[in-house]
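We have chain C already, so just place chain Y on it with the hints.
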Amino acid sequence: MAGISTGKTDLSIIIGGPAGYGIAQAGALFSKACTRSGYFVFVNNEYPSLIRGGHNTVRMRVQDTPSLGISDSLDIVLALDKNGVLEHLEELSERAIIVYDSDEVKEEDANKAKGHLLVPLPLITLAREVGGEKIMKNTVGLGALCAITGLGLNELNRLIKESFGEKKAEISELNIRAALLGYETALGKFSGLDGKPKFSLGKIDLPEKRMLVSGNEAIALGAMRAGCRLLCAYPMTPASAIMHYYAANEKEAGVVMKHVEDEISGITMAIGGAYAGARTMVSTSGGGFSLQTEGLGLAAITETPLVVIEVQRPGPATGLPTRTGQADLHFVINAHQDEFPRVVLAPGDANEAFALAFDAFNWAERFQIPAIVLSDKYLAESQFTEAPFSHKHLKIDRGLIVDSEWIEKNKPFRRYLASTENGVSPRVLPGTPGGIHREPSDEKDEFGNIDESPHARKLQVEKRARKFEAIRREIPAPNVYGKSEGAEVSFVGWGSTKGALIEAIGRLREKGVEACAIHFTHVWPFPDKAEGMLRAQKKLVLVEANSTAQLGKLIMQETGIRIKDKILRYDGRPLSAGDVFEGFSKISSKGGKI
Amino acid sequence: MATLGELSARVPDWCPGCGNFAILNALKKSIVDLKIDPKDFVLTAGIGCSGKTPQWLNTYSIHTLHGRALPVATGVKLANGDLTVVVSGGDGDGYGIGIGHFIHAMRRNIDITYLVHDNQVYGLTTGQTSPTSEKGYVSKSTPAGVIEVPVNPIALAIESGATYVARAYAGDLMHLSGIITEAIKHKGFSLVDILQPCVTFNRRNTYDWFQKVVYKLPSEYDPKDKQAALLKAEEWGEKTGIPIGVLYRSERPTYSDEVPQLKTPIVKQSLDIDIDRLMAKLV
Chain C
1 MAGISTGKTD LSIIIGGPAG YGIAQAGALF SKACTRSGYF VFVNNEYPSL IRGGHNTVRM
61 RVQDTPSLGI SDSLDIVLAL DKNGVLEHLE ELSERAIIVY DSDEVKEEDA NKAKGHLLVP
121 LPLITLAREV GGEKIMKNTV GLGALCAITG LGLNELNRLI KESFGEKKAE ISELNIRAAL
181 LGYETALGKF SGLDGKPKFS LGKIDLPEKR MLVSGNEAIA LGAMRAGCRL LCAYPMTPAS
241 AIMHYYAANE KEAGVVMKHV EDEISGITMA IGGAYAGART MVSTSGGGFS LQTEGLGLAA
301 ITETPLVVIE VQRPGPATGL PTRTGQADLH FVINAHQDEF PRVVLAPGDA NEAFALAFDA
361 FNWAERFQIP AIVLSDKYLA ESQFTEAPFS HKHLKIDRGL IVDSEWIEKN KPFRRYLAST
421 ENGVSPRVLP GTPGGIHREP SDEKDEFGNI DESPHARKLQ VEKRARKFEA IRREIPAPNV
481 YGKSEGAEVS FVGWGSTKGA LIEAIGRLRE KGVEACAIHF THVWPFPDKA EGMLRAQKKL
541 VLVEANSTAQ LGKLIMQETG IRIKDKILRY DGRPLSAGDV FEGFSKISSK GGKI
Chain Y
595 MATLGELSAR VPDWCPGCGN FAILNALKKS IVDLKIDPKD FVLTAGIGCS GKTPQWLNTY
655 SIHTLHGRAL PVATGVKLAN GDLTVVVSGG DGDGYGIGIG HFIHAMRRNI DITYLVHDNQ
715 VYGLTTGQTS PTSEKGYVSK STPAGVIEVP VNPIALAIES GATYVARAYA GDLMHLSGII
775 TEAIKHKGFS LVDILQPCVT FNRRNTYDWF QKVVYKLPSE YDPKDKQAAL LKAEEWGEKT
835 GIPIGVLYRS ERPTYSDEVP QLKTPIVKQS LDIDIDRLMA KLV
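If you read the protein sequences in the order shown, they are chains C and Y.
Note that my numbering has the first sequence beginning at 1, numbered continuously upward.
Note that my numbering has the second sequence beginning at 595, numbered continuously upward.
Rather than coming from a laboratory, the hints here were simulated on the basis of the structure.
Even for Gly, the Cβ is constructed at its ideal location relative to N, Cα and C.
Errors might be hidden in some of the hints.
Said to hold, decoys possible - Here chain C is said to cover these stretches of chain Y; the calculated rule only asks that three of the stretch's residues, wherever they fall, bring their Cβ under 8 Å from a Cβ of chain C:
#1 639-650
#2 660-669
#3 672-682
#4 847-861
#5 867-875
If we strip away everything but chain C, and leave its shape as in the complex, we get:
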């Protein structure tokens, strides 16, 4: 099942081997060499939850048009051990080339990929030949990749020098020699390549430089652009890279990353900081968010703005710590007892991750509510090739924070003033003269005095409900990709499946099927405008990375529309364009046509 390219170049490369073999570093160097040569690279890492051993892969899709996600097939395999070959036999494209370390992979194992071009290279021997250690075999392999793809060694050499710096000039030199030897051996007589590159990744001149940025980094950058100087977080895969990015840039950005003692401390410390007037955030995965649900309610009842990043991974309890899924949608919408307004945003790619992380702070402060950005491992840890995010147009809106002058004019100060049309009350920061008041976690009167009377309870419930309605009026409609008018099928999805949906409708069009995608980035409050859009479609098909079609249930709950046809993937692996394409061919009455 060869991938269908939308541009001229569409090459999928995988480097595979056990943890501890420098797979991720090799991938980082090669993908950056490609972006600097003018290509769009989409990088996806798959690894089990362990430090040594197992099977790790870095999968790179190199295109000359913007990447939408992983492809379903592989064109080049660089296998650093036996599993590097055996684990991927089902995914090989017709033109696939398998480069393997003949020092470690037996010929009989490599032969399982018979029918494809096999390139045995003694990577360990070659690494030792230049005076390096066994571990440097990944660099030898990279040299071979640069040969086969036609990328050449210039960018790789520059990157090796950059990553080791002048202080480690010797190691840098050693790696450059190792890459050269890998390059030359791959193009040598006996390698099976006949002395020629098999692909032509020549340099493309770019009008601007592009970043290789992960979803997690995009979220951190969006938060920083929003002025978030305090991140309180506890490590949890796959959200940890957000705290790492904050920590690594503490001095340069002037931010504080507080590694807290537990998840509960993370959310409550963020609430304390926000109460004092800072823009704060907490980042975690579903398990951590389970612990944080009590904090969510504290933010809700005290009406403290709070931004939570929830990066989904599959499974209850520990589940699949390093894999992906979209099964926390209902959880984040409903977490905590009672009823209160919140916003749930679900970015579909790095650009949206940046933009929605920024927006989350405005939602949180304008409505004094928790705003949740719901990401997942696939989005969070994949790397996207993007121009630096445009952000000059972004405006920070802190909502109704009042000063002593305002308070003087509006005496007595009611922190929980309930008569406002949108339910939002004036907020005052500690230190402000004249604004002293109490913020209890109990139900209270408009001044913040604990009040259990039916009247006070009703007043505050209705005030919070009006906030929800005011937010709902502002929630934008889902985005439509492709033409919805006349579409034979309209896919409906949310979050990280965006790229797969867009690529799939392109493929269907090539097969003569007009398709469109309705993609939700704002999932809660459910957008008012969605119902009309959905009702106007001829055939709806849900696409989600969970087993119960959670968006489908939400649509049913909010609009009464029941979508029968579903394409669901819940094996912990990313949902691809191929899943959508093949899923549709199964459920379509026009199956024969595709």
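Using the frame of chain C, we list chain Y on its own:
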């Protein structure tokens, strides 16, 4: 600066005779004595009878969740180091459900003051055993007597890195207020464990009992001697008496002192963070 009267909000709904009245009044007196402007003072509180303290005090305050007053207070202090931050909690709140936060707040020596209303019983939930209840204590949840030995908050604090560790008694308001004043003045994490008789549910550790066993640390006692402090921390009951006063004190930079980005409080910094430079590094 405020007077005692101006610091009073509403009439507390604690039981008549509750030790919490003395704690509230001692805290007010300390705020007055230290000439702290109430607008620059934040009280955070947990859940329980002690958790209601902010309701009766006319300063900025945020009442939080059971056991979570310390991380909220830490967040307040990290965001705005110019504020005086005091935490009010009980023994169940701080030494039970919140004991993890208690230890870590002390490790980081964040500059806040923690007042624990220690009545050795869960009062607001109508009288169950608490982490500081004595072994054998009979309560609604332990009709056959508590099996566990009590937490020793003083020893725990000394070992966990708190830099001001004191015990006070709600039956001696002036002494208590003096201890709170010193605790607030102290740079770093201060614990004041306050013996506070619950007149409704604790029939064992009563005012009468405390009057007999409590004694003030003598003037020659050196709170800088950690070993001596740990020995003093072991004293409890009729045999040894219960020492009140500053048991341990040391000097160490506060958490915020060690973070250059906090030199100017976050709330006084602009929201403009230059991300262009950061994005350039990803190219």
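Hint by hint, here is what the structure shows:
no.: 1; hint: 639-650; in the structure: holds (count 4)
no.: 2; hint: 660-669; in the structure: holds (count 6)
no.: 3; hint: 672-682; in the structure: holds (count 5)
no.: 4; hint: 847-861; in the structure: holds (count 6)
no.: 5; hint: 867-875; in the structure: holds (count 8)
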